[in-house]
Amino acid sequence: MSSRILNHPILGSRTGRKVWFSFDGRQISAFEGEAVSSALYANGIRIFGHHHRDNGAQGIFCANGQCSQCMVLVNKKPVKSCMTPLAEGMVVESLDGLPPLTDDEPISGDPTSDVFETQVLIIGGGPAGLNAALELASFGIKSIICDDKGELGGKLSLQTHNFFGSVADCYAGTRGIDIGHILSDKVMQSDKIDVWLDSTVVAAYWDKTFGVAKRGQMLLIKPEIVLIATGARERTLVFPGSDLPGVYGAGAFQTLVNRDLIKSSDRIFIIGGGNVGLIAAYHALQAGIDVAGLVEALPVCGGYKVHDDKVRRLGVPVWTSHTVLRVNGHEKAEQITIAAIDKNFKPLPGTEKTFDVDTVLVAVGLSPVNELQTKAQEFGVKTFSAGDAEEIAEASAAIFSGRITGRTIAREMGIDTTIPSEWKTLSEILKSRPGITWKDRPQAFTSAVIFNDYGRRIFEMNPGEFSLTTGRFSSDFGVEKSARDGEYSLESFMKNAELYKTRTERELPVHPVIHCVQEIPCNPCTMACPLDSINIRGSIMGLPEFTGKCFGCGKCVLACPGLAITLVDIRQDPTRKTARVTFPYEFLDDSPGGGKGVLKITDIEGEIIGEGRVISVVSEYRGDRRKLLTLEVPYELRNKAAGFRLRPLDDESVPEKTETSDDPIVCLCERVRKSEIVAQIRAGVMDMNQLKATIRTGMGACGGKTCTDQILRIYREEGIDISKVTRPTVRPFIAEVHLGDFLRAERKDNE
Amino acid sequence: MNDNTYDVIVVGAGSVGNPAALFLSESGLKVLVIEKRASAGQGENKAAIGGVRATHSDGAKITTAIESLRIFSTWKETYGSNIDWKTGGYCFPVYGEPLENTLKSYFPIQRSFGLEIDWLDAQQIAEVVPGINMEGLRGGTYSPGDGQVSPLKMAAAVHAEAEKRGAQYRYHENVVGYIIESGAIKGVVTEKGKYFAEHVIIATGADAALHGKMAGRDIPVVPDSHEAGISAPVAKFLPPLVVDMRPGPEGKTANFYFGQASGGQIIFCYTPKPAIVGNNKDNLSEFMPILAARLISLIPRFKNLLIRKIWRGLYPMTPDGVPIVDYDPEIKGLIWAVGMCGQGFMLGPGVAKNLTSMIVKGQPLLPPDVQALYSLKRNFHGKTEAFK
Chain A
2 MSSRILNHPI LGSRTGRKVW FSFDGRQISA FEGEAVSSAL YANGIRIFGH HHRDNGAQGI
62 FCANGQCSQC MVLVNKKPVK SCMTPLAEGM VVESLDGLPP LTDDEPISGD PTSDVFETQV
122 LIIGGGPAGL NAALELASFG IKSIICDDKG ELGGKLSLQT HNFFGSVADC YAGTRGIDIG
182 HILSDKVMQS DKIDVWLDST VVAAYWDKTF GVAKRGQMLL IKPEIVLIAT GARERTLVFP
242 GSDLPGVYGA GAFQTLVNRD LIKSSDRIFI IGGGNVGLIA AYHALQAGID VAGLVEALPV
302 CGGYKVHDDK VRRLGVPVWT SHTVLRVNGH EKAEQITIAA IDKNFKPLPG TEKTFDVDTV
362 LVAVGLSPVN ELQTKAQEFG VKTFSAGDAE EIAEASAAIF SGRITGRTIA REMGIDTTIP
422 SEWKTLSEIL KSRPGITWKD RPQAFTSAVI FNDYGRRIFE MNPGEFSLTT GRFSSDFGVE
482 KSARDGEYSL ESFMKNAELY KTRTERELPV HPVIHCVQEI PCNPCTMACP LDSINIRGSI
542 MGLPEFTGKC FGCGKCVLAC PGLAITLVDI RQDPTRKTAR VTFPYEFLDD SPGGGKGVLK
602 ITDIEGEIIG EGRVISVVSE YRGDRRKLLT LEVPYELRNK AAGFRLRPLD DESVPEKTET
662 SDDPIVCLCE RVRKSEIVAQ IRAGVMDMNQ LKATIRTGMG ACGGKTCTDQ ILRIYREEGI
722 DISKVTRPTV RPFIAEVHLG DFLRAERKDN E
Chain B
870 MNDNTYDVIV VGAGSVGNPA ALFLSESGLK VLVIEKRASA GQGENKAAIG GVRATHSDGA
930 KITTAIESLR IFSTWKETYG SNIDWKTGGY CFPVYGEPLE NTLKSYFPIQ RSFGLEIDWL
990 DAQQIAEVVP GINMEGLRGG TYSPGDGQVS PLKMAAAVHA EAEKRGAQYR YHENVVGYII
1050 ESGAIKGVVT EKGKYFAEHV IIATGADAAL HGKMAGRDIP VVPDSHEAGI SAPVAKFLPP
1110 LVVDMRPGPE GKTANFYFGQ ASGGQIIFCY TPKPAIVGNN KDNLSEFMPI LAARLISLIP
1170 RFKNLLIRKI WRGLYPMTPD GVPIVDYDPE IKGLIWAVGM CGQGFMLGPG VAKNLTSMIV
1230 KGQPLLPPDV QALYSLKRNF HGKTEAFK
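So the sequence lines, in the order shown, correspond to chains A and B.
If you read the first sequence in the numbering used here, its first letter stands for residue 2, the second for the next number, and so on.
If you read the second sequence in the numbering used here, its first letter stands for residue 870, the second for the next number, and so on.
Keep in mind that the hints were calculated from the coordinates and are not lab data.
Yeah, the Cβ is synthetic: ideal placement off N, Cα and C, and Gly gets one too.
Heads up, some of the hints might be wrong.
Below are the DSSO-like pairs computed for lysine-lysine, each with C-alpha atoms no more than 27 Å apart in a straight line [as the list claims (entries may be wrong)]:
# : chain 1 : residue 1 : chain 2 : residue 2
1 : A       : Lys19     : A       : Lys77
2 : B       : Lys1178   : A       : Lys383
3 : A       : Lys725    : B       : Lys905
4 : A       : Lys693    : B       : Lys1201
5 : B       : Lys1055   : B       : Lys1178
6 : A       : Lys383    : B       : Lys1150
7 : B       : Lys905    : B       : Lys1033
Cβ pair distances, simulated, as ranges [said to hold, decoys possible]:
#  : chain 1 : residue 1 : chain 2 : residue 2 : range
8  : B       : Thr1059   : A       : Val679    : 25 to 33 Å
9  : A       : Glu332    : B       : Gly965    : 48 to 56 Å
10 : A       : Val679    : B       : Thr874    : 46 to 54 Å
11 : A       : Gly98     : B       : Glu996    : 51 to 59 Å
12 : B       : Thr1253   : A       : Asp208    : 54 to 62 Å
13 : A       : Asp192    : B       : Asn1149   : 37 to 45 Å
14 : B       : Gly965    : A       : Val679    : 38 to 46 Å
15 : A       : Ala88     : B       : Lys973    : 44 to 52 Å
16 : A       : Asp208    : B       : Lys1142   : 12 to 20 Å
17 : A       : Gln120    : B       : Gln993    : 54 to 62 Å
18 : B       : Gln993    : A       : Asp208    : 56 to 64 Å
19 : B       : Ser981    : A       : Asp111    : 39 to 47 Å
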């Protein structure tokens, strides 16, 4: 039983050499070089072992090398399956209880002492790190980029969607995966940049060196300056059942689905309505995985409205002002129960709903990965940070942040250069939270035609020459100018227009409708229109306006990262009963709507307003993989139709099969339950190091990366001022390292 | 008696001060503990690897450690809480004749103070230490009564029991001076206030010399440091704590030692040669490679261990490697319990029992000739302890 995505609308299909390996004695096959965790998932294996403390089932959690929930034995050695590439003939065993040390084969070797010197050590080869390296290289500064994965790009490799931001400055409108390739190609071509892949920086030492675990060998790098561009890790949420395999981060899901093309699930539920959660919902649907719903505690999703609207239109129920109560299941997620909450975020009894799902994604925000920063600074190494490691924001902001930080470092190293002030302005804009959402925003699709008393057309304006939103009027034809140059109030225009007997308005035969009503930093639509008819006033935070002519090329529909532009064409039906609307379409099925080819059409926020008949699905002949879906819709709905439903109608709540313990596990590594932590807090423990000592929270493999925030949250729930709580000491290693890797054995791997 | 007055003030809630507070409050005394850190045991106590042995060459330490072992091994029965006591002994494997002779030469004095210790041949050592490199192995010493404890759990458990018995702990508070009047201690001064007591125990570990200055005393304690580490847990296979007394081929280690904690983690440390003197506790890049080479050459299967955390702890050293546990000769009521030479954790409970006797009964538990070994007035430059 294979769980692979055989064809993906954006990513196509995976190719490579299939190899045989064994899992618990059973021979199975998967692609050479893919993560062992994905190889197991591809073979339908979701449980990787059982915890030595309480026999709790273990599986994928972060898929990012941060936690250690996915440990297995590979050739008798305990390893993180998500960080271990599959090789032919591997003997993989589930880790039930503690791993035995059984291999008495001696290895020889001296203590490692290789020190690699460089000007700048860049930790993290994602958008920020790559751009910083390129900027540094442009000034002739040498750097080493260390990345813990097998290829550059960081989380760009999961981002199958088109990026927001500015086209000129951070590749807006291009898909994240493609940006990753563009940047990594540039970096690989530079002779100033040394790329270390599969290289985890695990320690900063007092002697100003950094320990790097690289393919089974510990090495040391001694830089003049270090740049922390390590990105972010996903925050977790603790609730009953949150420890079950099948409950994991949205980023982990994207890793499985988008990076490794694994069909990880049949039906998921998402917790959290930020961009990550919303995008994950969309990615799931693209991969043929159903999304039973999404809960968001706040009354409005925090992510971009275009993402929110997009998933609602496709039919994903978005439950705002709701929370997760628990996930039920035996050794794996089987059901989720949610409930409405009051103003104080307390669940309202009687509002519970339960859905059958096999996966629950937690997407409740990110926190910076910056463990090494404090230590490096303490030891007197000049340290900078960029991207999410510095401040959590969109990847577009990280791209730009890397560039600015690269130049800042160049200046620090004595290069005579400046940082343009507009860079800083743009950087702030890219990091902005969404601005105002405009309700019932007027749009100009009509041209105004004014006739004189003799029936002669004396004036015609195209949309935007007179903008209804601002009263701005760019033509001076036939109408008196007002005092302010080029500006007329709507009133003054209408008064002047009254001078003439007749006035008609005529809708442009073909025109875009922009369903983008929330201010976000984004501008690809403005670059897409060959007639330059879509423009944004002021900064890229502004809303785009269609102003001028349109010949219906559809480029704006293809370009909008938010999938928020449709193209209306009223030329086909002179009777004005129907109109054609063209939507962006990123799914595999080229005949949606079943045999009849009929789809429910929705307004901007996903309310069904009628039906549309599929006319065509057209692939763009060059460039992107987005397609154009044209529907014939009732004429009166043409400008309102913003999307179409793919999912069936909402699911009914089902009865709960079992109930998990109400006492959730907070520290996953050491399986510490919330009640144990509460008891310690109530006994007066104010030093988290003492919690480590008594109940072992944060003493496990992840070193407290996952539970520390959750424990602080419990302190807050207990009414304690957390500024008085002593934080746990952070020590090397950031990730566990095999003892044998500290020996300089004959190189095992000379890639 | 106002609120700031106590029977005893203990300065330092570490390996020694913390159990002293417990046993003193058990005796019904009103005890205040002043600690600069956020909770008990957060200094060198938690840096200890948790091996507890009476295998020393010095009568005072052997006697004190036997008392400590009694407390550790019966802790659960006495107090109910779990300190992860693991009985498994200490093993010193031997690969060279000179060391065999040296270790055997201590047997008489060790046995005379009640230590159970034997010589095992190579086969027997291999049974006690599975996977050990047999090449050149002559045998080794084994003392089955020694064992291991979790220093973290011990500190928390002692603190909890002491508080139950009324001891008060003040955290995040630095002692800045001692109140001494007419040759007697009257109390201590901190940044936050003054506290009074007829008895003050200074148990400040690596800060001993600093506190000596505050009290106008020259306390010959200079810290050096040892780095240590711990692995992810593995299935249990190693009962004893193992000490390899050979200097390392890399020229940077005097010896190294390791054991498997009751949770399954392998915990390890080496003695740097030359000693790294000073207070710095930051990690050094050379530690793990050197330690790895030593561990793997002794027990190859360790190569697959996952190393989780490393840290550096301080050994507050006296010139002769023996602690100072003594009344101040000139300041009545002041007691020094410092210079534990890296063995504060294993000696701590025994030292604390002795301190309690010194305050409650006015005399140490140890016989005078043994107690004299801990004296502040002794000649620190005579013979040195073999197992320091």
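- Does Lys1178/B lie within 27 Å of Lys1055/B when you go C-alpha to C-alpha? violated, 43 Å
- Hint check for Lys973/B and Ala88/A - Cβ pair distance inside 44 to 52 Å: With Cβ atoms ~51 Å apart, the hint holds.
- Item | Hint consistency between Lys725/A and Lys905/B [alpha-carbon to alpha-carbon, up to 27 Å] | Holds: Lys725/A and Lys905/B sit about 15 Å apart, inside 27 Å.
- Message: A range of 37 to 45 Å was offered for this pair. Does it hold for the Cβ distance of Asp192/A and Asn1149/B?
- Response: holds, 39 Å
- Task: Given the hint of 25 to 33 Å, check if Thr1059/B and Val679/A actually sit that far apart at their C-beta atoms.
- Result: holds, 32 Å
- In this structure, is the beta-carbon distance linking Gln120/A and Gln993/B contained in 54 to 62 Å? Given range 54 to 62 Å: holds, Cβ gap about 57 Å.
- Query: Given the proposed pairing of Lys1178/B with Lys383/A, does the C-alpha separation stay at or below 27 Å?
  - Reply: At roughly 25 Å apart (the allowed maximum being 27 Å), Lys383/A and Lys1178/B satisfy the hint.
- Query: Does the structure keep Lys383/A and Lys1150/B at a Cα separation of 27 Å or less?
  - Reply: Given that 27 Å is the threshold and the Cα spacing comes to 21 Å, the pair holds.
- Query: Does the Cβ-Cβ separation between Ser981/B and Asp111/A fall within 39 to 47 Å?
  - Reply: This hint holds: roughly 44 Å between Cβ atoms.
- Message: Given the hint of 38 to 46 Å, is the C-beta distance from Gly965/B to Val679/A inside that range or not?
- Response: violated, 55 Å
- If you draw a straight line from the CA of Lys19/A to the CA of Lys77/A, is it 27 Å or shorter? holds, 22 Å
- Message: Range first: 46 to 54 Å. Now tell me if the beta carbons of Val679/A and Thr874/B are that far apart.
- Response: violated, 36 Å
Hints 4, 5, 10, 11, 12, 14, 18 from the list above are not met by this structure, while the remaining hints are.
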